[in-house]
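*Asks:* Sequence:
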Amino acid sequence: MFKKLVFLGILLLPLILWIIWSNTSKNSSNSSMIYVEKNNENSEKVLNEDLSKYFSGYDGCFVLYDKNENKYLIYNEAKSEKEISPCSTFKIVNALIGLDTNVLQDENTIFKWNGTKYAIEEWNKDQTLSSAVANSVVWYFQDVASKVGEERMQEYLSKIDYGNKDISGGLTKFWLQSSLKISPMQQVEILRNMYDYKLPFSRRNIDIVKKVLKISEQNGIVLSGKTGSGTDGNKSINGWFIGYVESDNDVFFLAVNIEGKDNATGVLAEQIAKNILKDKNIL
Numbered sequence: 001m002f003k004k005l006v007f008l009g010i011l012l013l014p015l016i017l018w019i020i021w022s023n024t025s026k027n028s029s030n031s032s033m034i035y036v037e038k039n040n041e042n043s044e045k046v047l048n049e050d051l052s053k054y055f056s057g058y059d060g061c062f063v064l065y066d067k068n069e070n071k072y073l074i075y076n077e078a079k080s081e082k083e084i085s086p087c088s089t090f091k092i093v094n095a096l097i098g099l100d101t102n103v104l105q106d107e108n109t110i111f112k113w114n115g116t117k118y119a120i121e122e123w124n125k126d127q128t129l130s131s132a133v134a135n136s137v138v139w140y141f142q143d144v145a146s147k148v149g150e151e152r153m154q155e156y157l158s159k160i161d162y163g164n165k166d167i168s169g170g171l172t173k174f175w176l177q178s179s180l181k182i183s184p185m186q187q188v189e190i191l192r193n194m195y196d197y198k199l200p201f202s203r204r205n206i207d208i209v210k211k212v213l214k215i216s217e218q219n220g221i222v223l224s225g226k227t228g229s230g231t232d233g234n235k236s237i238n239g240w241f242i243g244y245v246e247s248d249n250d251v252f253f254l255a256v257n258i259e260g261k262d263n264a265t266g267v268l269a270e271q272i273a274k275n276i277l278k279d280k281n282i283l
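Per my numbering, the very first residue in the sequence shown carries number 1; after that it's consecutive.
Hints were generated in silico from the structure; no laboratory data involved. Even for Gly, the Cβ is constructed at its ideal location relative to N, Cα and C. Keep in mind that the hints are not guaranteed to be accurate.
[To be verified] Here are the simulated DSS-like pairs of lysine-lysine, each with C-alpha atoms no more than 27 Å apart in a straight line:
| hint | residue 1 | residue 2 |
| --- | --- | --- |
| 1 | K82 | K45 |
| 2 | K117 | K159 |
| 3 | K82 | K280 |
[Claimed, not checked] What follows is a list of derived Cβ distance ranges for each label pair:
| hint | residue 1 | residue 2 | range |
| --- | --- | --- | --- |
| 4 | K117 | E69 | 44 to 52 Å |
| 5 | D126 | N68 | 39 to 47 Å |
| 6 | K125 | A78 | 16 to 24 Å |
Can you build the whole structure from these sequences, using the hints too?
*Replies:* Here is the structure:
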């Protein structure tokens, strides 16, 4: 009996090896297949996936955290840890700090336009927090930062552990392709902590910021987020989109960053994010 089993095993071995090789070959030929699975120090599952087809022509990165699954999906892991200027994505934290210091009272707090003509027409008028986030009005948040002051700003960034916490580039521009830098992974961590009310801000103030970050709602799916664009002269070299998607039964937090010689904008980063989310049936 034993000899028969051994003989049968020898006969079946080539077939088993062929099946294993066939499946491996199929997986390796599919560029979108997940190729690394591991756990990080916080016991969160980390999956790496090749999403390069979405980033043609740019040095890009995608980070997605699935709250229910306690799982990260990452494209370009090295870049996900690279600290980069946050540009206008910093408006999220700037707004929280402004509210906490009473520089801002709520989403309707008006700052008067000083008459300076800007290339973006929507900037050339009085702004509320809501409109300043929607239109990414730099001067509004420069006024917020000025009123908060350097000492308090530094205290808050240290308290929430925001990126490299470096505001040496100047109180009204440290987040604009300057000294302050943060990685895509850190951006997602800040969003997660904000969403779960784990940052040192009141529930009321966090809810105000959540409200102004809302972009769209369709079929019970809510997308919230903020773009950011960094320039070198007149060239767009650093594009961000960070945010989260809420459904009836889950929340996904994400960060997209692209860098390039030109046309690496927040608008493009947002479109890349939406393309990936739609293809994964999240959005």
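*Asks:* Could you run down the list of hints and mark each one as holding or not?
*Replies:* Comparing the hints with the structure gives:
1. Annotation: proposed proximity of K82 to K45 holds, straight-line Cα distance about 20 Å (limit 27 Å).
2. Between K117 and K159 the CA atoms are separated by roughly 36 Å; this puts the pair beyond 27 Å, and the hint is violated.
3. The hinted pair formed by K82 and K280 meets the criterion: a straight-line CA distance of about 25 Å does not exceed 27 Å.
4. At roughly 49 Å, the beta carbons of K117 and E69 sit within the given window of 44 to 52 Å.
5. Under the hint 39 to 47 Å, the C-beta atoms of D126 and N68, about 42 Å apart, fit the expected range.
6. The given range of 16 to 24 Å is broken by K125 and A78, whose C-beta atoms sit roughly 43 Å from each other.
In this structure, the earlier hints numbered 2 and 6 are contradicted, and the remaining ones agree with it.
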